[in-house]
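Each chain is listed here by its residues.
There are 2 protein chains.
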Amino acid sequence: MGDIIQARVLKGFRDMLPVAEIQRASLIDRLSATFRSFGFVPIDTPVLEYAEILLGKAGGETEKQVYRFTDSGGRDVAMRFDLTVPFARFMAEHLSELYLPFKRYHMAKVWRGENTQRGRYREFMQCDFDIVGVDSAAADFEIVAVMRAAMVALGAPDSRVHLNNRAVFNRFLERLGAANASTDILRVVDKLHKIGQDDTRAQLAAIAGQSAADELLAFIASGDDYDATLERVTRLAGGPGPDTDRLAEIRDMAVASGIADAVVLAPSITRGLDYYTGVVFETFLDALPDIGSVCSGGRYNDLASLYTHQKLPGVGASVGIDRLLAAFEALGRSGTSGVAPSVLVFNLVDGKNAVYQAAAAAFRAAGLTAEVYPERKKLGQQFAYAEKKGAAFGLIRGSAEEERGVWVLKDLAARAQTEYPSLEDAVKAASARA
Amino acid sequence: MGDIIQARVLKGFRDMLPVAEIQRASLIDRLSATFRSFGFVPIDTPVLEYAEILLGKAGGETEKQVYRFTDSGGRDVAMRFDLTVPFARFMAEHLSELYLPFKRYHMAKVWRGENTQRGRYREFMQCDFDIVGVDSAAADFEIVAVMRAAMVALGAPDSRVHLNNRAVFNRFLERLGAANASTDILRVVDKLHKIGQDDTRAQLAAIAGQSAADELLAFIASGDDYDATLERVTRLAGGPGPDTDRLAEIRDMAVASGIADAVVLAPSITRGLDYYTGVVFETFLDALPDIGSVCSGGRYNDLASLYTHQKLPGVGASVGIDRLLAAFEALGRSGTSGVAPSVLVFNLVDGKNAVYQAAAAAFRAAGLTAEVYPERKKLGQQFAYAEKKGAAFGLIRGSAEEERGVWVLKDLAARAQTEYPSLEDAVKAASARA
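Order-wise, the sequence lines are chains A and B. Taken in order, the first sequence gives residues 3 to 436; the numbers are from our numbering. Taken in order, the second sequence gives residues 3 to 436; the numbers are from our numbering.
By construction, these hints were calculated from the structure, which means they are not laboratory data. Honestly, I wouldn't trust all of these hints.
The list treats identical chains as interchangeable, and a pair is accepted whether it falls inside one copy or across any two copies.
Straight-line C-alpha distance at most 25 Å; calculated SDA-like pairs for lysine to any residue [stated by the list, open to error]:
(1) Lys390 to Ala35
(2) Lys380 to Gln212
(3) Lys380 to Lys391
(4) Lys193 to Ser320
(5) Lys66 to Ala386
(6) Lys13 to Lys390
(7) Lys430 to Glu23
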């Protein structure tokens, strides 16, 4: 035997084994169905792009993490590190073929050479959905409604969308005379959940003085009552304006659509510093608040200013697929549903492959998953395989069963078996328990 | 306005716009459902791997085409150029966590810096499915059955799987005394469909003499009758053997499973020279034979000999996703099915967003796709949007309709509209026409 090459993946990368990949595929299927039901359409873009295009606006940290190289044609290329920049390039390139408003979703892998010590992978999946070419309360609300519907579709109805409007916050800071310190203030406010009320107050006082700190804490306080919170921030921001009107409109639409209970007005949500200009959102699981937001986004002024002079305001969000999968695992929710029970046809007698294959075909024709063990082996080995595959039923048709004219269906979990006078009866019995 | 960066994809790469991406997603969904129904499970592997692992066995041509570079950690890495090598590495790495036989499918992008003048893309999707860890007629047949079921699921029942056994061909060449010229002979035989009977005969005669050429042509002749063809090749190969027995077993299983009409024994199918050692298959569309095989594969001796000493015989095939999509387009088959009719709720009166959103939610609750036009705009603009999205219905609830207490559902294709006394009635009407 010759030398072999050690089989191993790169540091920070991973294989998806069947159980994990089935979970991920199920999650993606349900997200996709949700997006489609709201009229969003899928797109895809190349993994490799000109580095100049991907890195046009990127700062130092991103640039260091990106996989960038010179291809054999001498081009300076890079692997995408998010789905936002490719979407901006896509919109600029295809504006004449598309229509506005344009509602797309994109679920695909991205790559970042991150520090793997923080438990991050260098290859991971992103899921973005956006409405571009319109700045309206209806578009803002639709993103909230999709976020909510996605959580329900994923089996997490015990989750809520936290919503704010950056414009209200900015107006409040101006009234407070603290607009020039907004970067520092936002950074502290963003950490409220992590550092707690007292530390937040102390840090805000150091930046803006004790009285401003008290007002800031009053502003960002969370209450479950949307209307009361809206009234408070409207007052603190100096009265009603288009920004608070929009929050009221979103509330009206949430009430009319029956999802008001799942939408929280949370003035402490700011989502970073520069990119977002209007509403911002985060989504938390009631059962697992500490993992952070599983779906976040907001409104931005202009998507593709690097690549086109046409202004493209938009609103969108990202689903944290890996975080959700980890959360469902922690909560003991499989994340899969509607999997048909599978049937393993045992391979018991030489020369009977045609019979076994016909039996499997009959189960499949009834909508079940079915396979034949592909060779004659000891029964124990075939049972072990059935268990590994998670098969619900075994079909047993050996010499004894053939002589007696019966088909035996074994419930593999209950270890109970039932005889049927015909294959059709066995198929019916398995289908009835699907 | 500042300078902008020209938005463009790399040569040989392409964006997937919504219509194309929906087609591709629909094809992938149906393939996935077919694989699952036969007990195949999905896996995924990283796009980037150690170059040493991906290129272990690769020859000059592959090596030239692969995207290979040094990452920021100094590793020699490459982007996968197929799904077979990563699968071999995956099996070697995870043998202890898996079970045999292992049946997997993998649908993912691969990258090759091919000459784009031949109309090839440098980024394309592959779809592989394999059964490894077993060498049996049942496993061979199952791949054939999956290929057939996939074609039916994709709306191409007018297709047939062409099947051969390389071992029979090799035995025949030995009997003919032409085994030493097998490489040249196989190369000519492989071109039969392209160069025709006469040129094939001339080229074979030049290699092996006139009489051997006549025997070769007799051997590779195609007939629709599986049994007659099997009898002929058995005789020409020197009598029955395990190789012809296996072809007979596969026929018996095809008959028992009701797919015998779709399986052709075609002795001219050889599928290249080295990799395959047993049965080989190709799939042709009756309506479009010239595009070549849309699903091909075969049996191999050992999948992962580069990475493990454990012998892993297997059988599998690849679906040519891009070729199938091109074929369905040429045949005018959309490839999509079961798309729910979509409803666009027109945005007609200021301040009525909550009503419109509630209406869209009611259509979605009934299982339809529904969206609200996100701002009040001229009706013509909203109709143009509905057409771009391919919406089936428009819901009209303007001031006049509100006064009269009616909801108007407009069939956008038929340009006919119907009034309903309640939203529920409009939802029911749209659902009934789904």
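Status of the hints after comparison with the structure:
Taking the shortest Cα distances, Lys390 and Ala35 sit within 25 Å of each other only across copies (20 Å), while inside one copy they are farther apart (30 Å). Proximity of Lys380 to Gln212 under the C-alpha cut-off of 25 Å is found in neither arrangement, the shortest distances being 78 Å within a copy and 52 Å between copies. For the identical chains of this complex, Lys380 and Lys391 are intra-copy neighbours only, at 17 Å inside a copy versus 57 Å across copies, given an alpha-carbon limit of 25 Å. Taking identical chains as interchangeable, the C-alpha atoms of Lys193 and Ser320 lie at most 25 Å apart only when both belong to the same chain, with a minimum of 20 Å there against 50 Å between chains.
Taking the shortest Cα distances, Lys66 and Ala386 never come within 25 Å of each other, neither inside one copy (48 Å) nor across copies (44 Å). In this assembly of identical chains, the alpha carbons of Lys13 and Lys390 never lie at most 25 Å apart, being 29 Å within a copy and 45 Å across copies at closest. Proximity of Lys430 to Glu23 under the C-alpha cut-off of 25 Å is found in neither arrangement, the shortest distances being 30 Å within a copy and 38 Å between copies.
In summary, the structure is inconsistent with hints 2, 5, 6, 7 from the numbered list given earlier, while agreeing with the others.
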